[in-house]
Each structure stands twice: as structure tokens, then as C-alpha cells.
Amino acid sequence: MTLVNPEFAEELEKFGIDKTLDCFNCGTCAAICPLIYEHFPRKMIRYAQIGAKDRILENYEDLWRCLHCGLCIETCPREADPGDLILGLRRFVIDNWRRA
Amino acid sequence: MEDEDKAKETTSGQKVGVYVCHCGGNISDHVDVGKVCENIKNVPGVVSVRNNMFMCSDPGQEMIMEDLKNGTIDRVVVASCAPSLHETTFRNAISRAGGNPYIYEHANIREQVSWVHHGDNATEKASRLVAAAAAKAKGLQPLEAFRVDARKHATVIGGGIAGLRAAKDLADRGIEVVLIEKSPFLGGWTAKWDHVFPTGDNASDLIMELAPQVLNDPTITVYNCARVTSFEGFVGNFKLGFKTQSPEKGEYEDEIKKMIESGKKPGEFIPFVGVSPSSGIPDASEEHTVQTGAIILATGFRPYTPRTGEFGYGKFQEVITLPELIRIIAENRENEPDDTLKVNGRDIKSIAMIHCVGSRQIPGIHEEDEDKPLNQYCSRTCCSAVLHAANMIRETHPKTHIYDFYRDIRTYGRGQEELYEDASKNKVVFFRFEAQDSPVVAKNSGPGDHPLLVTVKDTLTFGEEIQAPADLVVLAVGMEPNNVSDLVEMMKISEGVDKFLLEVHPKLRPVEVAVSGILLAGTCQAPFDIGEACAAASGAAVKTSALLGRGYVELDPFVAEVDLNKCKGTGACVEACLNKGALTLVEMEINGETVKRAQVNPATCSGCGACTAVCPERAINVKGWTLKQYEDMVDMIVADRIAA
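Protein chains in written order, with this note's numbering: chain C, 493 to 592; chain V, 10 to 653.
Derived from the structure by calculation, the hints contain no laboratory data. For clarity, every value in this text was computed on a predicted model and none was experimentally measured. Glycine is no exception: its CB is placed at the ideal position from the N, C-alpha and C atoms. Please note that a few of the clues may not be correct.
[As the list claims (entries may be wrong)] Only pairs whose alpha carbons sit at most 30 Å apart, straight line, appear in this in silico BS3-like list of lysine-lysine:
hint, chain 1, residue 1, chain 2, residue 2
1, C, K506, V, K552
2, V, K24, V, K436
3, V, K516, V, K381
4, V, K408, V, K436
5, V, K508, V, K452
6, V, K248, V, K589
7, V, K501, V, K466
8, V, K273, V, K201
9, V, K258, V, K201
10, V, K324, V, K273
11, V, K201, V, K78
12, V, K434, C, K545
13, V, K575, V, K552
14, V, K24, V, K78
15, V, K436, C, K545
16, V, K248, V, K267
17, V, K161, V, K273
18, V, K501, C, K506
19, V, K381, V, K324
20, V, K452, C, K545
21, V, K24, V, K252
22, C, K545, V, K501
23, V, K358, V, K408
24, C, K545, V, K516
25, V, K274, V, K258
26, V, K436, C, K506
27, V, K248, C, K506
28, C, K545, V, K508
29, V, K408, V, K452
[To be verified] Coverage of chain V stretches by chain C, computed from C-beta distances (three or more under 8 Å per stretch; other residues unrestricted):
hint, region
30, 138-150
31, 426-439
[To be verified] Computed list of chain V residues with no C-beta within reach of chain C, every gap over 12 Å:
hint, residue
32, G54
33, N101
34, S359
35, A361
36, Y412
37, G457
38, T464
39, E563
40, E626
Here chain C stands alone, though its shape is the one from the complex (with noise of 0.2 Å):
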């Protein structure tokens, strides 16, 4: 059970990311991502957007994965720039390391 956040899109502004909600969830990205790994990077930006912080924290492993090769980014109909989300969840992640 989570509840909504919906705050969390605006926390994320501070890391660089305004575009959280743009993401309609195709999976284009997730489709085309080369870790073909579980639903990457799509998931992590769900969460995001229902600000499900805890999710995040317990997963964040996740997020080094990425290899930013740029295909989401390239890919994504939304324009959402899916790999610079991943990017500014780690900042999130590494400044709320102590706190988790």
C-alpha cells in the first residue's frame, strides 16, 4: 500500500528534474532500455510520480544500473528525458542516504 505524494514531483525540482510528470507510461523507454532489466527505467519513474519515496529508497541499487546511453531519452514520445530522471533520483537518493 502507498499513498500518493503529490508533493514529491516538486521536491524533485531541487535535483534538476521538472519534467516527472510529463511521463504518460508507454515503456517505451523500459522497451528500448539495453539492461532489459525488470521494467527499468520505467518503474523507478512511476514511483517518482506518485511520489512513492520509500520504493525508491529501497530499491535505489537499481538506479546505478543505468548506463546512460541516451536511448530512453532519444526514444521517449513524451520528451520526458526518462535517463535524466534517473539521474536526479540519485542526487535524491544520496542526499536522503543517512536519513533512510
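Since the structure of chain C is provided, determine the placement of chain V on it from the hints.
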């Protein structure tokens, strides 16, 4: 002399030409067309049997025209697809060859044979059907479509946006119009909106552009508080009775109160009510009759009313419908600008909007009423309306968060996908649910001071359960047709299983119903947005102008005909007649004696044949479909010589 020859030729009916179509294999893959042709050659009267890959093609039609022109044949049978597809095609070919289009008979050997039977059985059935058609064709007489005068007058029922549009368009074509509106006000549901998607136009501006044009047009007479009471007649000559009376106690109470409070005069727009015509609200009831050439139904829709408890509606005061929210948004605009939307002085920090309420209902999942079918259709307009409202709120009240719960987003029209994109830019958070896992609205006993908690199994989060605390829950209710069962009954028109009125052809004749002279405009037919409703209304107006513009209408000649040599005036036919007034007993002089005999009014006769079935003297027949012809057909169907 020439005319006499021709008459002799066309009444003889001894030279039947039969043309069998392969339909590019659709027929000939299962029916042995060559064998059918062989079998048909033995049918009495058949002088020519030919076949073609596509009879409907130009070369196919040429075959018929050639045989007619050189006098080889004088009756035509085409065996092909369903007559609804190409009967008219072949009648026209006969006309072009100088023949009477009614010397034609159609045999359906595709839908009734090759698509449902195979092998020898298919060939045998095809042979029998074609033989029967040939036998019937022998008895065909040339007929003339007859003309009746048509009044250049139309009646529009319903004074919403579609009714107003249709009335004005008709008046612009010089057709006199009576507009009948049930409520005291013009404008319908459009008058109850605020800014409308996708353009953001003010709904009141739309009404105020159209309503004064209607009210000021001398060719349009508007009756409000009016209900249709009777209907008779036929295209070009309908007679419609209606009654105007002051609203009953409780009816339109809020609207009338708002009108008085607003101090607005007739012709002026009253927000969320509409426009009162100059006649105001009638004090006494009055009966009216109008002679009219055509009727346009613009009876509109009503928003779905959620059941008590459906998403908490009726149980929690914080659960409202989208039309209610739209009113709140408009009323808030009059207040000081505020970062947070306020409802009854309460700060609304989060709104949960739920799509598809009362639309796309699924048997077994959604609760069913005994007296009402489930609304299985998509109401089409709600997705865009919800997103438009969400954007307005986010843009004016940035501290009010919005959660959008959808099954599918269907923002299908021009400028509507942009609403969905804008909603994302405006940071609306979307959740997606399956019909069987609809969001549950409950009292919030958890965190924050939000009164409600919406729980959903969110497919966007891979089926995880998500909870959203909400200060307001908005239900995007769908559209239901207004209940017009009285008109449906009176006018003998069809409604679909969804209770929306049914057009005669969904693609090629989308604004006409099966009864000639009655047309559809707007949301009585299907969920439409304002632009689509006006497009349908203008379409109906054009069709009406075309129908009435010539001053006469042509009617099918397939009507009953009395053989005065046989009629004994028993009156059995008059009793059996289903169309009041189509058959009467009249006095006439025969052999110096005054007797009563049956007489047909061809304008009202629908050609149903109920009279033919009951006449003890076999004195009445439907033209083109006589008893004798039926007997000939049956003889052929059972004849030994046709067997394959």
C-alpha cells in the same frame, strides 16, 4: 401509336432476362453459377440467362441495358448480393435503358446462399431462389412513383444547441419553422456549461450567438413549456399536436428561481439556466396543432445519475459529478483569485476525478437495473471534459492537486489530445484501473485532514495498491438519451438497445430515421460534443431542405390496390389496416347501384399487406407483391424441374 406499342410491350411480361453474378468468387466459390444458369433456362418465360463476374460493374449493367434496348427481354432478374446493396443500382440501369424501374426483381444468392451454404445444396437453393424470382418477375407491372405536395414547413423538437442550429439553418433556406421546447428555456445542456473544451469558448457566448438569431427570425416560432401530444400523417404532410402549459410544481423550480433572482429579461442569458423566449412562461395551458412537412428530433441527453453509494455518491457530500464541479469552477471565478479552490468555504487541496462513471458498463461487473439497460457505450465527451476542467483548476488554483483515475483516455478530436498533454504539464497525476478493480471511495481515517480516501489497484504502478487522500471526488458521468418513449411510440421510429434513437444507415444516412420525413439532430442519437451536435443538426436541416425544397415528395408505389371487379365492400381490409386512414369504405356508383367499396390512400398506405391477407374476395393486393406472384414463387420453389 408508339406509346401503345410500348405499353403492350411492358405489360406483356413474357420475356424474363436472368443475370447471375459471381461476385468475384463470393458467390461462385460455393454456388455452381453455370449450373444455376442451366437450371433457370427451363423456367417458363425466361428467354435469356447470362452471368458476369460482377453484375454491378459497368460491363455487367451494360448486359442488362443491351438486352432491354434490343427488345430481347422486358423483365429483369439479377441474382447477386442483398437487395439493400444493389437493387437501386439495377433499377437505375433499367431506367437508363429507357425501361420502367419496377420491372425488376432481385434474388439474393450471396447472404442467403453462398455465405451460409456449400456444395450441391448451395447450388440447388440458389437455383430455386432465382427460379422463384423469375416467376415473380413475370407478374411484375410497370409502376410509377407518385407525388404528393409537401409543406415547406418543419418542426424542430428540442431547443438545445442542436435544435437551435437546425431551426436557424432551416429558416435560412426559407423554410418556416416551429421550435418546440419542453422546458421554459432555450439552450439545453450547453447553457449549463462554463468554458467548453477544446477551445475554451464560453458556453454562454455560443448560446448567445445562436439563440437571438432564432428568436429574432420571423420564420421561426418558438414554443417553450411545450410537449408533443399527437402525431399523424406522412412526409410532407405531418400533423403534430402539442400542448403548452406552465411547469408543474417542483419542475424547473431552481431554474425559474435563478431567472427571477438574476433579473434577466427574455432573450438574455441566465447562467446555468439558458434563455427565456419573449413569450415567457405560459400561465394557462393551451393546445396547438401544426401542419408540418418534416420533423427534426433534437431531444438531447441527460447526464448519468450515479446510484447511491456508487463511488460514494449520495453517501459522502464531498462526492459530486462533473457538471456540478463545472458550476463550482464558474462560481469560484467570481471570487477573489486564490491559490486553492474553495467549495462552500472549504479549501480543496486535492481532487480525485474518476472517468467512465455510467459509461462503458460491463454486464457482470456493473450493477444492472431491471428497467434500464447498462450503458455499454463510451460517452466520448467526458475524457476531454474532465481534463479540460482539471487544467482550468490547475492553472487558476495551483495549490489544488488533481488525481485522475481512468480506464482509458479517449481524447479523440482535434485539439483534444493536447488537453491530455497539458494535464501532464499541469502536474495532474494519473492512475489507471480495470473495470473489475474500480477505485473505492471511503472515509479517510488516516493521515491529513482530507475527508476521503480513494484506493485503487493501479495498473500504471504494475498492479500495486495506491491510496490517494481527497477533499473532493468528481465523477465524470456519461450521457444518457432523454426519455422520449412517447415520441418513439407515436412516430414508430426505432431506438437502439442503448435507447439512443437509431438512424436508418449509420454511415450513408446518419441523420435520417426509417420513417421518411423524420430526422435526427444531436445527442438524441449518440453522445456528441457541441460541435458534433451542430454538425448533425446542420446535416438534418440540409436533408430536410432537400426533402421539402421541391414542394412535393415522391413515394414508393408499393401500396395496396383495390380490384373493384372483385371488391364486395366487406370492410375486412379496413379493420385489418395498421395505418389509420390508409383504407376507408367509400360509397360509389356501380352498375347504377350505390355500394360501399374499399379505397386506398396511397400516401398513408405503408404496403404492409395486412389487407391482402384478410380479404375474402382476393380483391386487394399490394402493387409489385400480389398474391398471385407469391403463389408463382412458391410453385417454383417446390417445382421438381429446378432440382440440381
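Is the straight-line distance between the alpha-carbon of K201 of chain V and that of K78 of chain V 30 Å or less?
violated, 64 Å
So if I understand the rule, the pair passes when the alpha-carbon distance is 30 Å or less; does K545 of chain C with K516 of chain V pass?
violated, 52 Å
Would the hint linking K248 of chain V and K267 of chain V be met if the CA-CA limit is 30 Å?
Answer violated: K248 of chain V to K267 of chain V is near 36 Å, above 30 Å.
Hinted pair K545 of chain C and K508 of chain V, Cα distance within 30 Å:
Cα-Cα ~49 Å, so violated.
Starting from K436 of chain V, check that the Cα of K506 of chain C is at most 30 Å away, please.
holds, 16 Å
Is the nearest Cβ of chain C still more than 12 Å from the Cβ of G54 of chain V?
Given a closest Cβ separation of 67 Å, the condition holds.
Check whether the Cα positions of K575 of chain V and K552 of chain V lie no farther apart than 30 Å.
Not satisfied, since the Cα-Cα distance of roughly 42 Å exceeds 30 Å.
For the pair supplied as a hint, K24 of chain V and K78 of chain V, is the alpha-carbon distance within the 30 Å limit?
holds, 13 Å
Verify this label for me: A361 of chain V is non-interface relative to chain C, using a Cβ-Cβ cutoff of 12 Å.
At roughly 10 Å from the nearest Cβ of chain C, A361 of chain V sits no farther out than 12 Å, so the non-interface label is violated.
Next pair to validate is K516 of chain V with K381 of chain V; report whether the Cα-Cα distance is within 30 Å.
holds, 27 Å
Decide, holds or violated, for the assertion that all CB atoms of chain C are farther than 12 Å from the CB of S359 of chain V.
violated, 7 Å
Within a Cα-Cα threshold of 30 Å, do K381 of chain V and K324 of chain V meet the stated pairing?
holds, 23 Å
Going through the hint list in order, the structure does not satisfy hints 1, 2, 5, 7, 10, 11, 13, 16, 17, 18, 21, 22, 24, 27, 28, 30, 34, 35, 36, 37, 38.
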